[in-house]
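**Q** So you can see what is in the structure, the chains are spelled out below.
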Amino acid sequence: MKILTGNDLKTGAVTWWDGVQWSLHVEDAVDVGEHADTILARESAARRVNAAYAIEAAKDEDGVRPAHIKDRIRALGPTVRADLTLKPADPDAGNWVI
Amino acid sequence: MYKYDTYDQAMVDARVAEFRDQVHRRLEGHITEDQFKPLRLMNGLYLQLHAYMLRVAVPYGTLSSAQMRMLGDIADKYDRGYGHFTTRQNIQYNWIKLEEAPDILADLATVEMHAIQTSGNCIRNTTSDQYAGAAADEVVDPRPYAELIRQWSTFHPEFNFLPRKFKMAVIASETDRAAMRLHDIGIRILRNAAGALGAAFYVGGGMGRTPMIAPCIRDFVPIDQMITYSEACLRVYNRYGRRDNKYKARIKILVHELGKDEYTRQVEAEFAHLLTQNIEPPGAELERIAAMFADPPFEAGVPDSFERSDPAFALWADTNCLPHKRPGYIAVTISLKPAGGIPGDASADQIRLMADLARDYSFDELRVTHAQNIVLPHVRKADLYAVWQRLEAAGLGTANLDRIGDIIACPGLDYCSLANARSIPVAQKISQRLAPREQEIGELKLKISGCINACGHHHAGHIGILGVDRKGVENYQLSLGGCEGADTSLGQITGPGFDEDGIVDAVEKATQVYLANKQGSERFLDTYRRVGMAPFKEALYG
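Line by line, the protein sequences are chains A and B.
Letter 8 of the first sequence, counting from 1, is numbered 8 in the numbering used here, and no numbers are missing.
Letter 5 of the second sequence, counting from 1, is numbered 5 in the numbering used here, and no numbers are missing.
If we strip away everything but chain A, and leave its shape as in the complex, we get (with noise of 0.2 Å):
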């Protein structure tokens, strides 16, 4: 599947495209086949998102899951500093990452 990830404009903070809005959190992310430039162009124009692309995923039982390591780090935070992960109560959610 294709989603799309981004930074919010004015925190900075990692979001993903719902099909809505922005969200924080991975597991929200749809599939955009075809819809990308389209939706990057609008929503990049109305400031709702900043440097937003589109990346390979896949989706399983566990949720969204980017294919790429890097962008598995931005969904779920440093994998050296658990307390500052959107999972900080979870020791092993950095397992998902590697």
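Warning: the hint list may mix true and false statements.
The calculated lysine-lysine pairs, modelled on BS3-like cross-linking and capped at a C-alpha distance of 27 Å, are [stated by the list, open to error]:
1. 10(A) <-> 97(B)
2. 37(B) <-> 10(A)
3. 246(B) <-> 37(B)
4. 97(B) <-> 87(A)
5. 471(B) <-> 537(B)
6. 37(B) <-> 165(B)
7. 10(A) <-> 77(B)
Since the hints were derived computationally from the structure, they do not count as laboratory data.
Model the placement of chain B on the given structure of chain A, informed by the hints.
**A** Below, chain B alone, put in the same frame as chain A:
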């Protein structure tokens, strides 16, 4: 320390106001990201993996306690309670909000700091010896000359859009503690046979994808012509450096392609022309600057020894402290590399503690080192135990300077959008495994980069590690024999790379080969240079 005059302060304040307006226009949609990006980069604001990242300039690594305290306060107020000290002697914050960036710059300006020219194709922060003004072996304090370069290079209209970024280092001792020959221009202040002060120029060094050791193109430029010669070096580069290929745009490529002799010939011709233009700053300005770097009021007759009955303290003192030029004083390196820690990171509380220690025990001064540690340059030996106790209580008492746990590591793929692999976890695993043996292993400088840009200086590591992306999987190349000092050398790759756990095993094997072959007091590097790569390859690959 240098103190801003009204011109310095006015320039920095004006820049804050200008950037505040630029941010406002970006947030309001009056300018696009393509238009805004070069403006934010000129103010040190990057967009990294998780958020905006702000890189704050620390000129030649020198800080006052008030400045250091502000860095800690910014970490708390605008970031997530910590900062990352870098190999350019700067500090970076990883979780910055664009809308708050102008406020951060305004806060920095109140303590004579900024983020100008910490990015972009301009002359970056000039680095220097972290022991400047304290080291017994320096000819003079190199910082007045680094400050003169800072003033000359800041907003220099001709050099704001160079072919690529440009890094300079200034030292004033035979021992190179600033990786001087791995800079675009490395300057060594020295005296000639007649006792006159001058500058040796090394041009065309650097790391990155094409590492090169800078050749000396002029062994003595009179000190009152240093800026003019620098201008000539930059002018030839700006005119002929390649702009068609960013990977071949650094000055090292120009020097290499022209050849040292032809590049030098062109610089000398430009230098001769510039001498007629009288561009050198007036001597009075250098004298004004130098007066601000006069020695602090050292006391005479203070004890030149300290109590060593606490073995942990004695080990730390022997490992982390450097002899001082004045009897009774010592230069202290605070390691930001606890075993299993993140190299270069310090919490806001730790940053403020180091500021307090500088105020109370080191004439209000600190230094950031290119090895991502902090120095208190002027501590009375009589105060050393008290300083160590406070450091130890704050998790800053690690005794590992230049040991295998004192690892330089870039932020890597955990933070950096350019990285191909993570650096920090590898550093953590190596330091955890080998810290218990680091006194046995002795001096061993290990450096890790998460991509070929080499921010972690892996080419110059006695052991170097480069993270690469192999079809989406992290892989780590090992190199041996790099060195950044007076005997600068570039590491050689051992062979095929390793996975994350494999590289930790490989480093341990390399240390075992060293210990098995070590003769006398040889360091790892000495043994490697004597026995060569073969026994290491045998151990690593069988």
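**Q** Indicate, hint by hint, whether the structure satisfies it.
**A** Going through the hints against the structure:
no.	hint	verdict
1	10(A) <-> 97(B)	holds, 6 Å
2	37(B) <-> 10(A)	holds, 14 Å
3	246(B) <-> 37(B)	holds, 18 Å
4	97(B) <-> 87(A)	holds, 21 Å
5	471(B) <-> 537(B)	holds, 25 Å
6	37(B) <-> 165(B)	holds, 16 Å
7	10(A) <-> 77(B)	holds, 17 Å
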